[in-house]
Amino acid sequence: MGTWRLIDSKMTVAENMAIDRVLLTSRSKGWVPDTLLFLEFTPCALVGYHQSVELEVEEDYCRVHGIEIQRRVTGGGAIYMHEGTLGWAIYADKHSPGIPADRSEMYARMCESVALGLSRLGVQAKFRPKNDIEVNGRKISGTGGTELDGAFMYTGSLLIDFDVDTMIQCLKLPIKKLEDKQVQSFRQRVTSLREELGYVPGLQIIKKALLDGFSEVFGITFAAGDFNDKELALLEQEATRFKSEEWIRGGRSIAQGNALKISDYKAPGGLIRIALRLDQNRKRIKSAFITGDFFAYPERVILDLEAFLRNTSSEKSDVFENVRLFFKTQSIQIPGIDEDHMGEALYQAISDGSAG
Amino acid sequence: MRIENWQIKEELKYDNNNFWIEIKDRQALIGLSDYGQWVIGDILYIELGQEGAPIRKGESCGSVESGKWVGNLIAPVSGCILECNSAAVENPRQIQEDPYGAGWLIKIALDSTDENGSLLDCASYAEFIKEQIKNAA
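Which chain is which? The protein sequence lines are H and D, in order. Each residue of the first sequence is one higher than the one before, starting from 14 at the first, in the working numbering. Each residue of the second sequence is one higher than the one before, starting from -9 at the first, in the working numbering.
These are computed hints drawn from the structure, not numbers from a lab. Note that the Cβ used here is the ideal one computed from N, Cα and C, for glycine as well. Misleading hints may appear alongside valid ones.
Stated by the list, open to error - To list a few chain H residues with every Cβ distance to chain D over 10 Å, as calculated:
1. Tyr62
2. Val86
3. Gly88
4. Ala114
5. Asp115
6. Thr159
7. Glu160
8. Leu161
9. Asp174
10. Glu209
11. Gly211
12. Leu216
13. Leu247
14. Asp317
15. Glu334
As the list claims (entries may be wrong) - Listed below are the simulated BS3-like cross-link pairs for lysine-lysine, each with C-alpha atoms no more than 27 Å apart in a straight line:
16. Lys152/H to Lys296/H
17. Lys107/H to Lys120/D
18. Lys107/H to Lys47/D
Unchecked claim - On the chain H side, residues computed to face chain D include the following (Cβ under 10 Å):
19. Ser109
20. Pro110
21. Arg116
22. Gly157
23. Phe165
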């Protein structure tokens, strides 16, 4: 049974971002063993590696409310982190025992570890492909990763006592923020330990549960450790770079888009309201928010469809094909609404949606 | 030539990071092979080095994002970047629709031709793909 180093850190937001580069480098050079790191955060909006701050973050809101803006080394969309969230990250050799070579399988095992840990706390969480952990369709943890030479990192955010309202304000999401009903419905897309359990377990209890999950799934034990001198020296260098505007905003304005598109579509089974964040330049649905006065069984099916559509093509034929594929692979009942109605509703938002 | 669903062009060289390399007059045009783009999956973003920048064989010459994973593009040869395919950066779909044509990635001026011998020919690359498929099964 292998032993991984465990580090429980408390650092600045920039250091939390820089440490990923530091530990990836350290692991790839063989300076350190496989490591699991817990990270705590002060309020911050974190964009994905290839994203553009100005397209993803409400910068004025962040400035006024003291929310730091940073960039991750990992992929995925912008997220909001604060004291009510917990970060976890694994830095390991790609060939370490128990690490699947196939990336989808690796995603699944990582997420299943966290889900198993959450089940120890009494939360019935599940892995939702490709990279989320959800409870009854509601996201409780998002994940992402990257690699350097022979090492990789896989990281996630766990919502413990999450401030959804601030997230809605500080990120550019597919909702009209002035509409209470929309905001209320959007809140249902995410959940937290507080919401699921009715209380907030102690941080050490949560960490222990997650460690148990990883131990069981990967067949490993953990040994508490700390950063070594090489890592600390590298962290000092990298933290300076990560604090720079060049890192946070540099070089990622490549013809991306993030337009808000809203449209109502009348289907026989009721009104379908679609709100999208659309990268019109690269023809991608970045995120979708689907509401209306129809009835969907099971209820979570719409949340799963939203997750399925994330970052998919916005070309008409692809939209219809993706919706058809989703309906085909799921057991869905939406009286008076079929796959073609949903495809039409989505494409109407893409092609003719108002700017919100 | 086809290996299962993937096309391989006989006139090109390859490496084991699934790049194809076309060498002409000490210049190399580089892109992802059909199999390589399939392995990465739906490419959301791609970032390439700056024109004029040196790249070293075995070191990162860019990054690619797919399914929330950011991977490195590892240079198959050493040289200086002459041109990046900005159309592919703006629309990575090109890489997946036409990996050997409109989806090319970078053109570089080679430092020397010494590294060319370590690249794979079409038959060796076909064997490499078969091995990868076998290992993944």
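*May I ask which of the numbered hints given earlier this structure violates, with the numbers listed in increasing order?*
1, 2, 3, 4, 5, 6, 7, 8, 19 and 20
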